[in-house]
Amino acid sequence: MKKIKYLLLRRFTQIGLLVLYFGANAYGWNILKGTFGSSVLFGVIPLADPYTTLQVLATGFVIGSDVLLGAAIITLFYFVIGGRAFCSWVCPINMVTDLANWLRRVLKLDKEEVNYRFLKRSVRYWLMVLGLIVSAVVGVAAFEVLSPITIMQRGIIFGFGAGISVVIAIFLFDLFGVKNGWCGHVCPLGAAYSLIGQKSLIRVKHDHDACTACMECKVVCPENQVLWMINKESVSVTDGECTNCGRCIDVCGDNALEFGIRAMAQKQKEATA
Amino acid sequence: MAKSSDNSRRKFMATTLQSVGLTAFAGVLWSGYSAEAKAAKLVLRPPGALPEEDFLKACIKCGLCAEACVNRDTNVDKETGKQRPGTLKMAKGGDHKLVGTPFFTPRDVPCYMCDDIPCVPVCPSGALSEASVTDEKGELDIKKARMGLAVVHKESCVAFWGLQCDACYRACPLMDEAISLEYQKNDRTGKHAFLLPVVHSDVCTGCGLCEKACVTEKAAIFVLPTDYATGKAGDHYVKGWDKKDQLRVGDRDMDKIETKTKRSEETPVDYLNKEIAY
Chain A
1 MKKIKYLLLR RFTQIGLLVL YFGANAYGWN ILKGTFGSSV LFGVIPLADP
51 YTTLQVLATG FVIGSDVLLG AAIITLFYFV IGGRAFCSWV CPINMVTDLA
101 NWLRRVLKLD KEEVNYRFLK RSVRYWLMVL GLIVSAVVGV AAFEVLSPIT
151 IMQRGIIFGF GAGISVVIAI FLFDLFGVKN GWCGHVCPLG AAYSLIGQKS
201 LIRVKHDHDA CTACMECKVV CPENQVLWMI NKESVSVTDG ECTNCGRCID
251 VCGDNALEFG IRAMAQKQKE ATA
Chain B
1 MAKSSDNSRR KFMATTLQSV GLTAFAGVLW SGYSAEAKAA KLVLRPPGAL
51 PEEDFLKACI KCGLCAEACV NRDTNVDKET GKQRPGTLKM AKGGDHKLVG
101 TPFFTPRDVP CYMCDDIPCV PVCPSGALSE ASVTDEKGEL DIKKARMGLA
151 VVHKESCVAF WGLQCDACYR ACPLMDEAIS LEYQKNDRTG KHAFLLPVVH
201 SDVCTGCGLC EKACVTEKAA IFVLPTDYAT GKAGDHYVKG WDKKDQLRVG
251 DRDMDKIETK TKRSEETPVD YLNKEIAY
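Chains A and B, in that order, are what the protein sequence lines are.
First residue of the first sequence: 1, per our numbering; consecutive thereafter.
First residue of the second sequence: 1, per our numbering; consecutive thereafter.
Just so you know, the hints here were simulated from the structure itself, not pulled from any lab data.
Do not take every clue at face value.
Unchecked claim - SDA-like, lysine to any residue: derived pairs with alpha carbons at most 20 angstroms apart:
(1) A/199 x A/228
(2) A/120 x B/165
(3) B/185 x B/165
(4) B/137 x B/115
(5) B/82 x A/26
(6) A/218 x A/103
(7) B/92 x A/161
(8) B/262 x B/231
(9) B/92 x A/162
(10) B/11 x A/121
(11) A/120 x B/19
(12) B/82 x A/164
(13) A/120 x B/11
(14) A/120 x B/25
(15) B/218 x B/164
(16) B/260 x B/241
(17) A/120 x B/92
(18) A/120 x B/163
(19) B/218 x B/163
(20) A/232 x A/209
(21) A/5 x A/250
(22) B/92 x A/168
(23) B/82 x A/195
(24) B/185 x B/155
(25) B/92 x A/160
(26) B/143 x B/262
(27) A/5 x A/260
(28) B/92 x A/22
(29) B/92 x A/164
(30) B/92 x A/108
(31) B/11 x A/122
(32) B/92 x A/159
(33) B/92 x A/167
(34) A/120 x B/237
(35) A/120 x B/27
(36) B/191 x B/162
(37) B/82 x A/23
Quick caveat, the model's predicted, so the values are computed rather than measured.
This is chain B alone, in the form it adopts within the complex (with noise of 0.2 angstroms):
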């Protein structure tokens, strides 16, 4: 009897052992697996959207949003008078982002900033918050959403080249705000001006529309996500001259705030007086 009960015994641990030992193996597998499929960086997401890492925790991947953009009543083609495809899609095998989460590409169909922002209330899950895109006075604002930022690549862009090109200029919903025009002298003709295009990110929304607008072969503006088209000066550059920077800085004690580079490693005099690799 004795033996027997403790050959189950055994049987059990060996058992117990085994399911454990397969559950962490599947573990490994099922948590690298979707580490690498949340991986996607460069992905635009719908207006009011959370920041990326916390928007993939809360996203359900019901397609309310992508249902509402795409049966909006606006969504209507002016000249045939029949629906537009929508702007955000919910992310398939293929495309090599979270399956099931909504984005949009600017190029294809760019976020048309609705007034009533249909996509962003029906959320369920609060992946889309609706505070972040309302005003002050309780209404949805869609200028307040940030969906990512225009950047410009001047050596594609024609109207760094000085031909006449407002395109992205004239499509911003924003327009004279998010993108303007500034003028430069044409100092290879002499007698002609450059309009060139600036992007204003305290503005822009990340719409899109001027990528869309872009008339050259690949868009020579285009959205990026904000967090990739941004980079931070560091709380020990303040503005001397602005009051409101200065704000930033607040009563901490100057002494205290340090941005730590690579670059800080070494001394000024290092700097100058030795080749510094970094």
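Here chain A stands alone, though its shape is the one from the complex (with noise of 0.2 angstroms):
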């Protein structure tokens, strides 16, 4: 039987931050309030997403300092500790993304020579550094114009209207179109994580003499460029774009794969060489 540790976490904190996002506006609750854009915690502290602070920055308005630090400390936490967690662990997006991926594999569309290939997984690099310039240009947090993220999200809390259309169009994209499509290659706030926690502590360890070669993480994985020393090395997936899902440790059956801490995983490195 496989193993859906990891893949059950990430549903109950997804789900579970939803609830209380949507409790607050329900039945004001007061645990954690507002949206992704912007939020409080508990009442007091503030929580920002540094990209949609960076949008309004680039339109020219001085923002207020609770979204500064809220910004900040968000910054702080997946640069520390969580490097793009955000994208699997909090964005429910990712469960629409993750349907649409596991329908593929059903349906054997990825067998199939029908995987475009027409998106680079560095478009987003190029969209997140648009999507500023666009913010400055326009005078609106360009990227919240559109964002599935937070349509989705306040869909979820204040009622969806037509904007579940784009939900809709999130899915098809990533089942017809281009595997991992939003996620992987086009979501330029994913890109804004993928550079903020490059260096954080929290990393999948690869035991090579474990492997068995069976290849089902890089089946799984979202990202799967960054599973490039798979029965080669045994060292941590540094990657930034590695979004710490841990598919691949519930997939593994050999046990080569788990989640350890940066820098101890490269001390390991080092004794063994």
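Two chains, two separate frames, one set of hints: put the complex together.
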């Protein structure tokens, strides 16, 4: 039987956070209020999305200190601990694209040569910078105008309206268009978190000696370019594009993958070398 | 060797050019879409909102204002004891307003002008300015809010027909200040009076309680964003009988103050002697 420990933990976190946000509006709970753009934890601690904050700053507006402090807290958290964990442990769109990705495998869309390759994974970084430029030119936080992430989140909290179409569009794009199209190629928010979390401590660690090269991990990984070391070397996955989702750990039948702390992993490598 | 490095350089140049070109393509589309998306004009914003252009820059779309609005203690139906829907809504797809920004529709739910203005202090970005709704004593004062301006369409207002209706006047939280009743003789009957609602733009906050209360099928008094409900005489026109208005002119040289309109291109003589096409 396949292990689904981290998958369950992630769904628990994602849905749990949405429940807290939903309750803040529907029942006045004072645990986690707002949306990912800007939130308040326990009524005191401000939290804000760093890329959203940058967009507002790019429009030329001198934003309130609560948002700046909140963005600093979030940046520090992912910089030190989480890497790109926002994408797989928090973002609600992850559930949509995971579903599309799973369906791709069930429908064998990956086996056929229907995986369009016109998009490069680097597109997201261009879009990330472009989003800031457009924000400055038009005078509005540009990614927030169409971000499926906050549209979906606000949909859950305040009601969807026609906003659901954006979520459906992402689903269809990932299912019939590009494999891991949105999260792995396009999303500028994910790109920002890739950059922020590049040096974070929590990393997936590969044990070459235990690996039997079944390549299951590469099949499920939404960013499988980060798993270049599989069946090659015993090193940590240090690429910032890894979302720390832990699916590779779940599917590995050889216990060749596990979460570890970056520094320790590197030291071990030096010790064995 | 030289040839292969030449090739790789050419390839590098081509891919760079392609990337830059495609980014420009995306930028044009994205800018166009964003500019259209924020172009919705007749939107009523929460109290203390910055002027629309700045508001759209500043709002981080977190929804804290809307959450504070719906969850305020006073938001209870007096008859059922249940929570009422909040005034502030977060624009979603299909609302045709910049997605994720707060707005309200007075005919559905007006602003009840809470004394403690729960929606404003929670704004983390500064899109809702606490200073703009704070009085000299440093206390929150909802009367300083300018969410919009109520406008009366006299042809559909039944008070202008001579019927006795003062629904808007009584609904107004600033009764006799923001809306007053003007008495006029009804010449049609010869023995009745018109009780006409008059909005005073220096007091009206744009809360929309009048629009909500209006008895006609489609409200005959309604709130428009202040920009769209007001005109401007221009600096050339000064009330000579009003000392306060004269201050507006200050020490400026009257000859140099000019209000230019299309009309200014012609002289008064032209205006009298020939047909002027506007």
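Verification of the supplied hints:
The straight-line distance between the Cα atoms of residue 199 of chain A and residue 228 of chain A is roughly 18 angstroms, inside the 20 angstroms bound, and the hint therefore holds. A distance of roughly 67 angstroms separates the Cα atoms of residue 120 of chain A and residue 165 of chain B; the hinted pair therefore is violated under the 20 angstroms criterion. Only pairs whose Cα atoms come within 20 angstroms are accepted, and residue 185 of chain B paired with residue 165 of chain B is accepted, the gap being roughly 15 angstroms. Under the criterion of a C-alpha separation no larger than 20 angstroms, the hint pairing residue 137 of chain B with residue 115 of chain B is consistent with the structure, at around 15 angstroms.
Taking the CA atoms of residue 82 of chain B and residue 26 of chain A, the gap is about 13 angstroms. The hint holds against a cut of 20 angstroms. Using a Cα cut-off of 20 angstroms, the hinted pair residue 218 of chain A and residue 103 of chain A holds, with the two alpha carbons roughly 16 angstroms apart. A hinted pair counts as satisfied when its Cα atoms are at most 20 angstroms apart, and residue 92 of chain B with residue 161 of chain A qualifies at roughly 6 angstroms. At most 20 angstroms may separate the alpha-carbon atoms for a hinted pair to count; residue 262 of chain B and residue 231 of chain B meet this at roughly 16 angstroms.
For a cut-off of 20 angstroms, the pair hint linking residue 92 of chain B to residue 162 of chain A stands: about 7 angstroms separates their Cα positions. Among the hinted pairs, residue 11 of chain B with residue 121 of chain A is consistent with the structure: their alpha-carbon atoms are about 19 angstroms apart, no more than 20 angstroms. Pair hint residue 120 of chain A plus residue 19 of chain B holds up; C-alpha atoms about 10 angstroms apart against a cutoff of 20 angstroms. Using a Cα cut-off of 20 angstroms, the hinted pair residue 82 of chain B and residue 164 of chain A is violated, with the two alpha carbons roughly 29 angstroms apart.
Distance hint between residue 120 of chain A and residue 11 of chain B is fulfilled; the C-alpha atoms sit about 16 angstroms from each other, no more than 20 angstroms. As the CA atoms of residue 120 of chain A and residue 25 of chain B are separated by approximately 16 angstroms, the hinted pair is consistent with the 20 angstroms bound. Only pairs whose Cα atoms come within 20 angstroms are accepted, and residue 218 of chain B paired with residue 164 of chain B is accepted, the gap being roughly 18 angstroms. For the hint linking residue 260 of chain B to residue 241 of chain B, the alpha-carbon distance of about 24 angstroms lies beyond 20 angstroms, and the restraint is violated.
Restraint check for residue 120 of chain A and residue 92 of chain B: the C-alpha separation of about 31 angstroms exceeds 20 angstroms, so the hint is violated. Distance hint between residue 120 of chain A and residue 163 of chain B is unfulfilled; the C-alpha atoms sit about 70 angstroms from each other, more than 20 angstroms. At roughly 17 angstroms between alpha-carbon atoms, residue 218 of chain B and residue 163 of chain B fall within 20 angstroms of each other, so this suggested pair holds. Distance hint between residue 232 of chain A and residue 209 of chain A is fulfilled; the C-alpha atoms sit about 9 angstroms from each other, no more than 20 angstroms.
Note on residue 5 of chain A and residue 250 of chain A: the hinted pairing holds, with a Cα-Cα distance of about 7 angstroms set against a maximum of 20 angstroms. Taking the CA atoms of residue 92 of chain B and residue 168 of chain A, the gap is about 15 angstroms. The hint holds against a cut of 20 angstroms. At most 20 angstroms may separate the alpha-carbon atoms for a hinted pair to count; residue 82 of chain B and residue 195 of chain A exceed this at roughly 47 angstroms. A C-alpha spacing of about 17 angstroms is found between residue 185 of chain B and residue 155 of chain B, which places the hinted pair at or below 20 angstroms, so the restraint holds.
Distance restraint check for residue 92 of chain B and residue 160 of chain A: the Cα-Cα separation of roughly 7 angstroms lies within the 20 angstroms cut-off, and the hinted pair is therefore satisfied. Restraint check for residue 143 of chain B and residue 262 of chain B: the C-alpha separation of about 38 angstroms exceeds 20 angstroms, so the hint is violated. Taking the CA atoms of residue 5 of chain A and residue 260 of chain A, the gap is about 16 angstroms. The hint holds against a cut of 20 angstroms. With a C-alpha separation of about 16 angstroms, the suggested pair residue 92 of chain B and residue 22 of chain A falls inside the 20 angstroms cut-off, and the hint holds.
For the hint linking residue 92 of chain B to residue 164 of chain A, the alpha-carbon distance of about 9 angstroms falls within 20 angstroms, and the restraint holds. A threshold of 20 angstroms between alpha carbons decides the hint, and for residue 92 of chain B with residue 108 of chain A the separation of about 35 angstroms lies outside it, so the pair is violated. For the suggested pair residue 11 of chain B and residue 122 of chain A, the alpha carbons sit about 17 angstroms apart, so the restraint of at most 20 angstroms is met. The straight-line distance between the Cα atoms of residue 92 of chain B and residue 159 of chain A is roughly 8 angstroms, inside the 20 angstroms bound, and the hint therefore holds.
The hinted pair formed by residue 92 of chain B and residue 167 of chain A meets the criterion: a straight-line CA distance of about 13 angstroms does not exceed 20 angstroms. A threshold of 20 angstroms between alpha carbons decides the hint, and for residue 120 of chain A with residue 237 of chain B the separation of about 62 angstroms lies outside it, so the pair is violated. In summary, the hint linking residue 120 of chain A to residue 27 of chain B is supported, as the alpha carbons are separated by about 17 angstroms, within the 20 angstroms threshold. A hinted pair counts as satisfied when its Cα atoms are at most 20 angstroms apart, and residue 191 of chain B with residue 162 of chain B qualifies at roughly 11 angstroms.
For the proposed pair residue 82 of chain B and residue 23 of chain A, the alpha carbon gap of about 17 angstroms is at most 20 angstroms, so the pair holds.
When each numbered hint is compared with the structure, violations occur for hints 2, 12, 16, 17, 18, 23, 26, 30 and 34.
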